[in-house]
Structures are given as structure tokens and as C-alpha cells.
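Produce the complete structure using the sequences and hints provided.
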Amino acid sequence: MIISVASGKGGTGKTTVAVNFALSLTNVLLLDCDVEEPNDHLLLNPIITKTKSVYVKIPSIQEDMCDYCGVCAKFCKNNALFVTNKKILFFPQICTSCGGCKIVCPQHVITEKKRMIGKTKQGLVNGIELVYGELSIGEPMAIPIIRAVKKHISPLEKRVIIVDSPPGTSCPVIDTVHGTDFTILVTEPTPFGLYDLKIAVDVLRKLKIPFGVIINQSDIGDLRVHNFCNKNFIPILLEIPYSRKIAELYSVGKPFVLEMPEWNQKFKDLLKTIEKMVS
Amino acid sequence: MEPKIQRSFENNREDGIMKEITILSGKGGTGKTTIAGSFAVLAQNAVTADCDVDAPDLHMLLHPTPFKTQDFIGPKLAKIDKNVCVNCGLCQKACQFDAIKDFQIDPIHCEGCGVCEVVCPEKAISLHDRISGQAFLSKTRFGFMSHALLSPGGANSGKLVTLVRNNAQMLAKNNNCDLILIDGSPGIGCPVIASIAGVNLALIITEPTLSGIHDLKRAMQLLSHFNVPSLVCINKYDLNLKNTEKIEKFCSKKNVDIIGKIIFDPIVTKAMVAETPVIEYLPESKVSKSVEQMWQQVILRLE
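Chains as they are written, first to last, in the working numbering: chain D, 1 to 279; chain X, 1001 to 1303.
Be careful, since some hints might not be right.
Stated by the list, open to error - Okay, derived cross-link-like pairs now, DSS-like style, lysine-lysine, Cα gap no bigger than 25 Å in a straight line: (1) X/Lys1159 <-> X/Lys1079; (2) X/Lys1217 <-> D/Lys74; (3) X/Lys1101 <-> D/Lys206; (4) X/Lys1261 <-> D/Lys245; (5) X/Lys1076 <-> D/Lys208.
These are computed hints drawn from the structure, not numbers from a lab. The model shown is predicted, which means the values in this text are computed figures rather than measured ones.
Here it is, written out as C-alpha cells:
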């Protein structure tokens, strides 16, 4: 069972839900795919046992053999390559590694080389195996790192897998939730929470992934999120009321289930609810 | 309400100098849009740009009325002509994005790179424009606004951010505005880079939590990587005074000024529920006063 945790709006509590959910179950693989700003490890403090670099492929042009015909630059849809009279300019950050330049080069002088854009880290804590990605500063493309994190999902995996997504609804989110069996959308009962929830719901419907909603700080705003869910037959899986204690525990990096064990059972029940919905 | 603060770089207008400031955070939900909404009220003669294109929220505070809508043409989409395709599978093998399965293009994964088109021996594949979102030019009670909405699952949000910024610059130029106020998105990747590239100043909104601090550090590294001067605001600073102190120490070590500390106050949520910038909702509140002082600092730095 692979469960992703996403949100639309940032800061609604994805990490809080993913980490506390993981701690309430036994034998879990937790993947933090918010590779721009990974936070799960801050709450779990695992001992990192493995660090791997993530590479993307970029063109390597053998310039002494190149006749500057410019076919590669003309092909490149992202304008990562510019060819002028006897000069090639390459902008690695905007290269999407499609490999097209290598295919179209009439002189066959383009090969591929590796470029590092970030890391994945792996560690164990409290029966949770955590893998998270870290995009290098200044690199725009999160997706290759997200894919490297998700490579840790083996088809034979018996454990529950929880996948923590970045905020938003664009390509990094799609890549994260893609292939997961169920998505938990974490939101807050405010107009911002509702608006971004609606976009996220559209995306998940398009991807045909079953989903439900967790309303965090469920008593701070108004009832429009509740009404929207009820009207559209979207199950509200759990409500976490606002609590200064939870906020303070989060601020020092302490998952609240460790201090408020009554929540353990609620997260265990959450898994049962999801399992029923998927089967 | 009457804006109280006068900006003193009005002469910039004659020189055609336009300033841009981006509000960002690294971590989501720290209060970017709350601050940006109130700044839009305080600013005179500014254009507001919501560059969080896949989860835009600023329009819910500023209630813009669009007077121009344009389609955003994102990456192209490959199309296989079933009548010509001989199911050789060469395109599937060449596609680096796993966007072709069973001789069909998956629009969600297709990046429009064109590799399938060049490898197809039958010339059965062609690339087509696709609409990946919409951009709006709008008017609000506080001036002009440029914003957008990426289609659900749409790709290339960075390019749409650039379009929103270009539109804002055009609005500013045509209407003699000298400041562009940009509300950014969380993270440090593609859309964030597009929203900070070349701006005069960035204001990072953080919160005194371990995640807030971690994400602040990465956002600061990003800004210094792109040579953008940065300022910091600690929102909900009283939630954890020890962490607030940590942020203060860290920022002073990095020579980055903290220009505002805002208390945690439920009126911020109430203002959001009322879909009103907090500074209009309760101008006399402590939060509003802090935001106003912070705006004054921003103006000073921009001069």
C-alpha cells in the first residue's frame, strides 16, 4: 500500500501528518519527496546510513569535431543550447535531459555526461525507514530527485509506504503522487485552504487516484471546507483541532503522537479506513 | 484606509526605474500572502504580481477584476497519428520521460521535447501547442494586478511565473508605477527561481519552528546564489522564543536584517476568512502595526 500526502496550499501540515502517521504504524517506509524543502528528517532525526548523489544527463559536445551547424540548438525546445559562429553556449540548468541533441547531431559529436543536482539520504529510526531528497541550491528541477527517492519503492515491498509531497499542484506534485494507491490531502478550514484544495482535487481526479481529506487546525476558520467535502462526496478522514501544544511541539521538532499517545489509535484507524477505500 | 507612508523614490518614475520586491519563504504557510496582501494596501502606485501560479491565493484578499485574459502556451504536446503509426516502438524507447505507453502519449508526462518526433521513421508524430494555464491582467482597489492559474497538472510553472512578471512590468510601465510587489511560491526550485531572478530585494517570511529555520537557511542560500539582497520577517515569533533567538543570531551572522517580528494572533485567520488584508480588517491591531513598520523598512531599503 502506497499512500501519498499532498496539499495544494503549503504549510497546512503535510509533514505533521506524514510523520505522525508513520510513527503510529509499525514497519513503515517513509519517502520525503519535498526535495526543495525536506522536513521529515527534522522531526525524526534518523541516523543517516546512506547518501547518494543524484545525476542528470547533459550533452557533452566534442568541439574540435563540431562544425557549428546549429541543428542541436534548433532542436532544443528549452533553448538550453545556443550555437553561434564557432561558439557553443550551453545552459545546464534548463536542460531537461531529453537526449534529443545527441540524436539530431549530423556529425555525431554529442555524447552524454553526468551532472549532479542533488542527493538522496536514507536512515532508520523507530522502525521507520526514511528516504529523503535534497535539491542543490540554485537547481530548478526537482523531478529527477523525486524519482530517485521513489526508486526506493520495490514492487515486492510489504511495508506500508508513506510518500510526503511538496506543496502546490504542478509537475513535482504530479510526479510524487503518480503511482500511489491513495492520496491524503491535508488542508486547513480557510478560504486559502479551500481554494488550493479544489485545485488539488481536480488534479487527483484527472490522475484517477482515490483520495480523502484531513482537515488540520479544523476549528480555526469557517465551515466552507467541510461543506465542500460533504457536497462533493469527498471523505473527511480525520480532523485535527488547533492546539497550542501541537504547534509548540512542532516548533521544537517533536512529533505530537509521542507526547499525545491518544492520537496513535486515530492514525491506526486512518490506515484501516484507507485500506477499505482502496480495496 | 489612507496609506500613511509616502514613498520617496518618486523621481524613479521619470527615470523609468522600476523596483521589484519578492516575498518568499522556503517553507509553505508561513504568511507570504498575508503580508503581501497588506503590503498591496500600504503601497501606493504599485503593481501586485501573484507568482504562486499553482496555488495562487492573493486574489482572495485583493479581489481583482480581470480586464484581459490570455492563454499560457506551455510545453508542446506530442501527438501520434494512429493511421500512420506502425507500432515499431522506437518513440517509446527514446522518450526519457516515460510519456509513451502502448503507442499513446500520456499528456501528463510529455514534456514536448520532440525526441519522439525525430526518431519516428514513419513521421507519424507531430508536436502541437497546448494551453497550460491562463494569465490575467486585473484591477484591484489598490492598483493593478498580474496573476495566473496553471491548469491542473500543467507543466512549466517557471515559464508562467516569467509571463506574470513580464505582464506586471508592462502594467507598471504603461501606468507609471514604480514598484512591483511579487508574492512567491514555497520551495527553492523552478518557479521560485523565476520569481526572484533579477529583483531588487527579497523578503523571506519565516516562523520559529525547526522546519521554518531549516527552510529559511535554504531560501537565504538561494538568494545569495542569485545575488538578491534579502530581508527577513519572523512571523508568529512568540510561538517559540528560543527559536526566534536562534533565527536572530543566524541572521546577524549572515548580515541579513530582520525587519519585522509578528506575534501569533488569531485575527490573522479571521481576516483571511473575511477575505480581507489584515491591515484593512483591523488596522489598529498589533499585527497590522508590525506590518506597517515593516513596510516602512522595505521602502527605506528600496530607495
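What hint numbers does the structure not satisfy?
2
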